[in-house]
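2 protein chains.
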Amino acid sequence: MGRTAFFVSDGTGITAETLGNSLLSQFEGIPFRRVTIPYIDTAEKAAAAVARINTATQEDGASAIVFDTIVNVDIRDAISRAQGYMVDVFATFLKPLEQQLGVESSYTVGKCHSINEFSRYHRRIESVNYALDNDDGGRQQQYDKADIILVGVSRCGKTPTCLYMALQFGVHAANYPLTMDDLVNPGLPDILMQHKKKIYGLTIDPFQLSAIRHERRANSQYSSLSQCELEVREAEKRFKAEGITFINTTTFSIEEIATRIMDDVGLDRRQL
Amino acid sequence: MGRTAFFVSDGTGITAETLGNSLLSQFEGIPFRRVTIPYIDTAEKAAAAVARINTATQEDGASAIVFDTIVNVDIRDAISRAQGYMVDVFATFLKPLEQQLGVESSYTVGKCHSINEFSRYHRRIESVNYALDNDDGGRQQQYDKADIILVGVSRCGKTPTCLYMALQFGVHAANYPLTMDDLVNPGLPDILMQHKKKIYGLTIDPFQLSAIRHERRANSQYSSLSQCELEVREAEKRFKAEGITFINTTTFSIEEIATRIMDDVGLDRRQL
Numbered sequence: 001m002g003r004t005a006f007f008v009s010d011g012t013g014i015t016a017e018t019l020g021n022s023l024l025s026q027f028e029g030i031p032f033r034r035v036t037i038p039y040i041d042t043a044e045k046a047a048a049a050v051a052r053i054n055t056a057t058q059e060d061g062a063s064a065i066v067f068d069t070i071v072n073v074d075i076r077d078a079i080s081r082a083q084g085y086m087v088d089v090f091a092t093f094l095k096p097l098e099q100q101l102g103v104e105s106s107y108t109v110g111k112c113h114s115i116n117e118f119s120r121y122h123r124r125i126e127s128v129n130y131a132l133d134n135d136d137g138g139r140q141q142q143y144d145k146a147d148i149i150l151v152g153v154s155r156c157g158k159t160p161t162c163l164y165m166a167l168q169f170g171v172h173a174a175n176y177p178l179t180m181d182d183l184v185n186p187g188l189p190d191i192l193m194q195h196k197k198k199i200y201g202l203t204i205d206p207f208q209l210s211a212i213r214h215e216r217r218a219n220s221q222y223s224s225l226s227q228c229e230l231e232v233r234e235a236e237k238r239f240k241a242e243g244i245t246f247i248n249t250t251t252f253s254i255e256e257i258a259t260r261i262m263d264d265v266g267l268d269r270r271q272l
Numbered sequence: 001m002g003r004t005a006f007f008v009s010d011g012t013g014i015t016a017e018t019l020g021n022s023l024l025s026q027f028e029g030i031p032f033r034r035v036t037i038p039y040i041d042t043a044e045k046a047a048a049a050v051a052r053i054n055t056a057t058q059e060d061g062a063s064a065i066v067f068d069t070i071v072n073v074d075i076r077d078a079i080s081r082a083q084g085y086m087v088d089v090f091a092t093f094l095k096p097l098e099q100q101l102g103v104e105s106s107y108t109v110g111k112c113h114s115i116n117e118f119s120r121y122h123r124r125i126e127s128v129n130y131a132l133d134n135d136d137g138g139r140q141q142q143y144d145k146a147d148i149i150l151v152g153v154s155r156c157g158k159t160p161t162c163l164y165m166a167l168q169f170g171v172h173a174a175n176y177p178l179t180m181d182d183l184v185n186p187g188l189p190d191i192l193m194q195h196k197k198k199i200y201g202l203t204i205d206p207f208q209l210s211a212i213r214h215e216r217r218a219n220s221q222y223s224s225l226s227q228c229e230l231e232v233r234e235a236e237k238r239f240k241a242e243g244i245t246f247i248n249t250t251t252f253s254i255e256e257i258a259t260r261i262m263d264d265v266g267l268d269r270r271q272l
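Residue numbers (the numbering used here), protein chains in the order written: chain A, 1 to 272; chain B, 1 to 272.
Here chain A stands alone, though its shape is the one from the complex (with noise of 0.2 Å):
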């Protein structure tokens, strides 16, 4: 039983795994496994893909699904030859966009993640350094150059959001950690205060938080489910209360809380 998806490109295959997962997603019930086959850019290469696509069909005894984004035509005709179901993603598009913007594409390889290369890497570069710099509290004199400071208990997700943030944004993610310090006293902490604008909250179940931390510190004060419940009820309550807005983390990925946050707070997710 089962299905076998393949992701093929002459890149990456971010674009082909990104758009299969999304559509594969939509078939609840069918137990796909994923093959990414990335840098098909030789015929010898495609002859190997192929050969583990008709493979995959034969053992499954149904046709493996093959989303391709590749752009050369030669090594696209060797792929579309495998005894599998084709969703030529380029192919598709490409043909009616170059009729609707009047012009022909380039067909170029990779020419995605090529463009502006240098200024791009730098970007990314620059802002994952400054989420290390700025994580869990450290160096509070740059959050001058925050564009957003993110807020909540240990272990409910700044961390990732943060480097997630600037890997994929260029944003300038800071992120404090509510620490019962702070949680015994009125209020939030004033260097926060002084850039409340900046200020997004994170909160999450006590219960997930408590198996989280339950991997860090087993057994500990510090991973039972009533400190746990103590923090985030302490944490939301002043977030309440200053009128800071914030997201519960528990059911949502980091692509989403991410997205979520940029997308309340204006943020712009073209940097790069």
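Please keep in mind that the hints were generated in silico from the structure rather than gathered at the bench. Some clues are possibly wrong.
Which copy? The list can't say, so a pair holds if one copy fits it or any two copies do.
Said to hold, decoys possible - In the EDC-like style, the derived pairs of lysine to aspartate or glutamate whose C-alpha atoms are separated by at most 16 Å in a straight line are:
hint	residue 1	residue 2
1	Lys237	Asp182
2	Lys45	Asp264
3	Lys95	Asp135
4	Lys145	Glu98
5	Lys45	Asp263
6	Lys198	Glu104
In this text the structure is predicted, and so the values were computed from the model without any measurement.
Got chain A; can you put chain B on it based on the hints?
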């Protein structure tokens, strides 16, 4: 002059953006303004999106290009009435896929990122923590748990690549900086040779390295071209002598570096 491209979604918009940018990058001559509108999940938000599309079309004097990955039929219909050229991603591919798979798709909003969410989230967080703990040569006793150990001179791209691998693929990626302390000795440090199979080298053009280091410490010995040339030459010499595969990061995006390394060493991209 120029055209506006919209990426419209009832989810994060990542699929629409990724596909749309890949397609637009095939049209080099045209300067596109790019606007992402995520979370269009009500009639009101759809109407606001339509208004933005219409305004762009009027201001550009040419149809906006609209990449849409909306699964809700009513909202998709509303968007399709905008004055723009619609690239309807799901409608184009889902119907043929339903036929091929012999089942109907579930038009569930944001389905893609909610599958198996907790374990995926958990694995990514754990991998990000691993990358942070094992950044810059930290905790070398954890190298047993590494899937890969990136080695190279300071500022050649190790940290962003490790973090990307952790976030995107859930891989345990450590990194070790080759400093002058290492490079005055012959060969590579013992700790690396003990894990030789997991080692992958990064190198970089000395001019670019100098520019990047200059941002961090201007006009220092550290950022001087002569120092960068020396370190890069000595690092590459050791990679070659020990038969360690390495990649020159100068002209690659972080996605490309990460993907090429994973492909080279045969690491599974689907750990999540």
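Here is how each hint holds up against the structure:
1. Taking identical chains as interchangeable, the C-alpha atoms of Lys237 and Asp182 lie at most 16 Å apart only when both belong to the same chain, with a minimum of 13 Å there against 52 Å between chains.
2. For a Cα distance limit of 16 Å, the shortest separation of Lys45 from Asp264 across copies, 13 Å, qualifies, whereas the shortest one inside one copy, 45 Å, does not.
3. For the identical chains of this complex, Lys95 and Asp135 are neighbours neither inside a copy (46 Å) nor across copies (46 Å), given an alpha-carbon limit of 16 Å.
4. Taking the closest pair of Cα atoms, Lys145 and Glu98 never come within 16 Å of each other, the shortest separation being 42 Å inside a single copy and 49 Å across copies.
5. In this assembly of identical chains, the alpha carbons of Lys45 and Asp263 lie at most 16 Å apart only when taken from different copies (13 Å versus 41 Å within one copy).
6. In the homo-oligomer, the alpha carbons of Lys198 and Glu104 never lie at most 16 Å apart, since the shortest distance is 44 Å inside one protomer and 44 Å across protomers.
In this structure, the earlier hints numbered 3, 4 and 6 are contradicted, and the remaining ones agree with it.
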